[in-house]
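Participant: Take the sequences, apply the hints, and build the full model.
Line by line, the protein sequences are chains G, R and L. Read in the working numbering, the first sequence has 131 at position 131, and its numbers run on one by one without any break. Quick note: to get the working numbering, add 154 to the position in the second sequence (first position is 1). Quick note: to get the working numbering, add 913 to the position in the third sequence (first position is 1).
Possibly wrong hints are sitting among the right ones.
[Stated by the list, open to error] Derived, one-sided and incomplete: chain R residues facing chain L with beta-carbon distance under 8 Å:
{"id": "1", "residue": "731"}
{"id": "2", "residue": "735"}
{"id": "3", "residue": "783"}
{"id": "4", "residue": "835"}
{"id": "5", "residue": "838"}
[What the hints assert, rightly or not] Now the stretches of chain G that chain R is said to cover, found in silico as 3 or more residues with beta-carbon under 8 Å:
{"id": "6", "region": "9-16"}
{"id": "7", "region": "31-40"}
{"id": "8", "region": "50-62"}
{"id": "9", "region": "73-86"}
{"id": "10", "region": "105-114"}
These are computed hints drawn from the structure, not numbers from a lab. From a predicted model like this one, the values you see are computed outputs, not experimental measurements. Think of the CB as a built atom: it goes at the ideal place given N, C-alpha and C, for glycine as much as any other residue.
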Amino acid sequence: MAKLEVHYTINGRKHEAYIEPNLTLLDVVRDDLRLTGSKEGCGTGDCGACTMIVDGKLVTACLMLAPQADGAEITTIEGVAENGTLHPVQQAFLDKGAVQCGFCIPGMILAGKVLLDQNPKPNDYEIREAIAGNLCRCTGYTKIVEAIAAAAEA
Amino acid sequence: MTTYSTVGKPITRVEGSHKVTGDSLYAADIQLPGMLHCKLLRSPHAHARIVGIDASKALALEGVERVITAADLPTFSEKRMSNRGYNLLADDEVVFNGQPVVAVLAETPSIAEEALDLIDIEYEELPAVLDALAAMEDGSPLARKPIMEIDRSEAKGHVSVDVKEERSDKPSNIASQAKFSRGDIDQGIAEADCIVENTWRSAMMHQGYIEPHSTVADFDAASGELTIWSATQGQFFVRDQISNMLRIPETKIRVIGMELGGGFGGKIFLTQTLTAVLAKIAGRPVKLIFTRKDDLQGATPSAGCVVELKTGMKKDGSITVIKAKIVYDSGAFPGASAVVGAILLGGYYRFPNLEIETYEVLTNKVSVGAIRAPGAHNVTFAIESQMDMMARELQLDPLEVRMQNAVSEGDAMPTEVKYPRIGMKECLEAVRDSDLWKSRGTKQNGNGKARGVGLAIGGWLGGLQPASAHVELNGDGTVKVLVGANDISGTNTSFAQIAAEELGLPLEMVSVATGDTKTSPFAGMSAGSKTLFTVGRAVKAAAEDARQQLFDIAAERLEANPDDMESFEGEIRVKGSPDKSIPFRRLAGITTGFGALYPPVVGKGSITARKQAPGFTAQVAEVEVDEETGQVTLLNWGIVQDAGFAINPLSVAGQMQGGATQGIGIGLWEEMVYDDEGKLINDGLLDYRMPTALDVPNIATHIVEVPSEEGPYGARGVGEPSIIPGAAAISNAVEDAIGVRVTEAPITPERILRAMGKI
Amino acid sequence: MHRFEYYAPASLDEAVALLKEHGDGVKLLAGGTDLLVQMKEAGLHPPAVVSLHAVPGLDGIEFDEASGLRIGARVDVASIESNDVTEQRYTALAEGAGIVGSIQTRNMATIGGNIANAAPSADTAPPLAVFDAVAEIIGAGGQREVPVIELFDGPGSTILTTDEVITGFKLPTPPANTGSVYQRHTPRKIMDIAAVSVGIRLSLDNGKIGEARVCLGAVAPTIIRASDAEEALTGQAPTDALFAKAAELAQAASSPISDVRGSAEFRRHLVGVMTKRCLDIALERAQD
Ligand SMILES: Cc1cc2nc3c(=O)[nH]c(=O)nc-3n(C[C@H](O)[C@H](O)[C@H](O)COP(=O)(O)OP(=O)(O)OC[C@H]3O[C@@H](n4cnc5c(N)ncnc54)[C@H](O)[C@@H]3O)c2cc1C
Ligand code: FES
Ligand code: FES
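Facilitator: This is the structure:
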């Protein structure tokens, strides 16, 4: 199996890796590039813990073959805060007590961010729709929905 | 009422922003030089003898380092092997589909995975026992070799009960059983104006933490030291177990409880010993991360249960009798909380006549373990549904009937142990006053959709374990709290609040660290709703101790009496004379600087918890049922819970909402489905359905505070009760909506249509 | 995932050549949301994977009144869901595309993959079928066009040969006064797989039903058209009784199995309820 080189721009910084093709984008970002903020909860697209923004779209990186994302612009949770200032969604998650174990939170925050980028004043239902691909087992979602709504107000 | 400055306030987490920036480290994030990756080959049969294992092809695969079977592992006495924890890899016989048989160690996870397919195992299939009721019958084949000993040490972390379990004398699938009785059953039946009798079933379900089981182990041969990075709710428990099993002194084991991606009782001790042994054998660090399928097939889910329940009530609403048989399907090893189930089933109401038999039965399924309030939701589904049915038949108000019969301080549990002060009635009162409850029957049904409102309560006794903590004054006058309990639900924030309260400091001046087993004071596992209840008390005691030390020093400096000191806004001062004071910063200087006059201030708190503080909840569901498809939509959900004292109302509410949502999952969707051969069919999260954000409404919370005797400031454990009544509340709401009763949870559209006679 | 040879051809010809060269077992990769799950958890270990992501000509949603709608095979279902033309003229298709998985899934999942994967529960399949969609296929032997309803020959199986690629779908322009709908039953609101699904198109002609399509998913080894129901509807004035009759005929056409998503009786019951409801909705939309 031939190894191949992939190039990604992650959170504005260029990365390259020399990889075997049977890896997912999530594997490469976590294990080779050591950005471990994205999590693996299922590996099969069902939980959203591995959520990243790839070329502007929210995806589950556990189902994206690493070479398929070659050349892509990628945002992971590590790139959401800017110059040490938390993104309003991040800040709202803290303020509203929306974080418990934290395992779902990177994916939730990216889903919330993409929602607000596209729809700055979502209603409750739209927020719930936007995070329906992100399972959270700790919070029951109420405080997460409140946090995203609060970030929209911020 | 005492007023507090810091505790009792809704405070966002103090441990910083790392959970929202992706900087927190979980066990799977650990990468060590030279680390090998482990994958487990699991049994495809529910019950079989292992005839032979041929791993030669796997070993030939480039990148495969070792292939390990039970033959390579330390052996334990046959007695010990009755317990799941000692069965690292199956030896000779597999007893559930999904049981690990072979471990492959390879340079990458994908090579390890590929190697699994190259291993040939020859099995001789044995009869599989899959149904717990059938397994109890005389003449049933045996699911496994007879159980010789049951180690309940892990279960005790969740709930403390002292009941003698019995084991049957002839070989059987019954691992344990117990019986409780009181009064005269026949009389109780004769006195009743209404008798309801039903069989209630609830499915085996999974804790559903989003982070799968993960452990990394490293053994240093030169020093004999073992280091474990693990996703666990109980790092000290892991250390003690490994020490016992592998005969390594506790001083040589360092367990680092990493940030935990959810546990809910299911992540205490499972893969750590195996990973440690593998690291020792390989002489390299080993990482073992479960896939989701591994976790669903082979972790320790929550037991399925059948409750045969007969209850009676008089026209005036008083209950006369309970007679029940509870059967928990424990899977292939002991692990179901049969005794606790019986105590709760007969323990919410004042039954004058009672007879409850409870059984923990072995089958060839994955063995079960704890969950939030293990065993409680199953029996609560039965009793809380049946309370409604009796009330309905006698045309009584379901809330008032509960109020009338509710246990309170001094009433006896089925064990005849008396309840301390509890808040069940206060919870019901809060429901009575709620708009959601008052809205019953007021909204119109229409277009084939019926609306209903249902209520159910739940209670949990709580675990007891000793705990300790340190509170130290830093060089700059800030304060450090050190504990050994893994923070799984924001407990560290509450600890900071407690220390700040006791020392009269602003919260920003207190930091809390959870150390590992080498560096931190002992704590029990973070389970059983007791972390705050026990470790919180230790923190309070440690802060009080530190405060006393500060008072003594300050008194000497100010030439006052230590008894006249008070701590206020970062200063120690003489009561009534604010100008006679010393700031913490100065006290830090004279206790930690060069040539300091006084020894450093280190407060120690060690407590042992002896008195349970049961926590109750009452929850209300409002549903809409589509009468043609059986689809249930949740419109509203309200939860009331007695927190004793909410040290941090924000995190208490978060616990309530999370638990209630799990209870909703149990009520509507979650079920591990096995085929006729004992294979789990829904082994992924698309078909093992946990609620998404679209499936649940906003969850309204209401905290009541009936102080406990021992808890810090009167706090009670709040983690567990919230999960308990979901299925019952939904079952009651569905009957309110469409007049039929579903006796099996989850209450699926199909079961509703069957109950309605539509299919 | 096991190891495999990975190819990212830059043209259709190259892709077809690679497929032909590798023969059995080679897998095309589009969005990967079915393929990767199968490779990770369902024991599928193709020796070679041919990615379509660099192949030109598989994108785009184009519509004109004369020739109808063309959707490239690699178009993700999120784009189909939010497209104005599909929303207004091919409503059932927008609904089917809009209900797949989560937002993340929909951003990755392609319509070609949804169809080629051939799940009887595929959510774009009944909608495509009710619009008489035709799949454009290219292979070593040349090009051909096959109606979507005829593509499937069993669960997870199509009539495509190993060297064939679906390049797009053509949907004729629906007649005036057309209403369509797609619904599915799942226990959860989203992130679930249909236990039963129903796609309906009604095209009215002078107050009568000129054309009717009733397509059922997840109740037979492939999606099926309930032809008896369609015949009973065609040429008739829409009435409650007629729709009830059609729902019964749809039920009779279904042959569901019992599995983890529901028993056969449950599914058959739902076919009746949902067909009736969908007919009502399609009619309302046609009359709008
Ligand atoms: C979490 C989750 C939820 C899902 N929910 C749904 C759902 O609600 N409804 C639903 O219908 N599906 C669902 N799916 C399944 C899947 O997302 C869809 O079937 C999707 O449309 C597949 O498209 P893809 O591009 O990802 O296909 P791939 O996985 O890339 O390919 C699927 C199959 O099609 C073949 N193939 C792909 N493109 C072509 C082509 N152009 N020509 C010939 N063969 C081709 C591949 O070789 C492969 O066999 C879900 C999947 C996940 C992971
Ligand atoms: S890990 Fe990717 S969706 Fe769960
Ligand atoms: S906070 Fe634990 S899964 Fe969401």
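Participant: If you check each hint against the structure, which ones fail?
Facilitator: 1, 2, 6, 8
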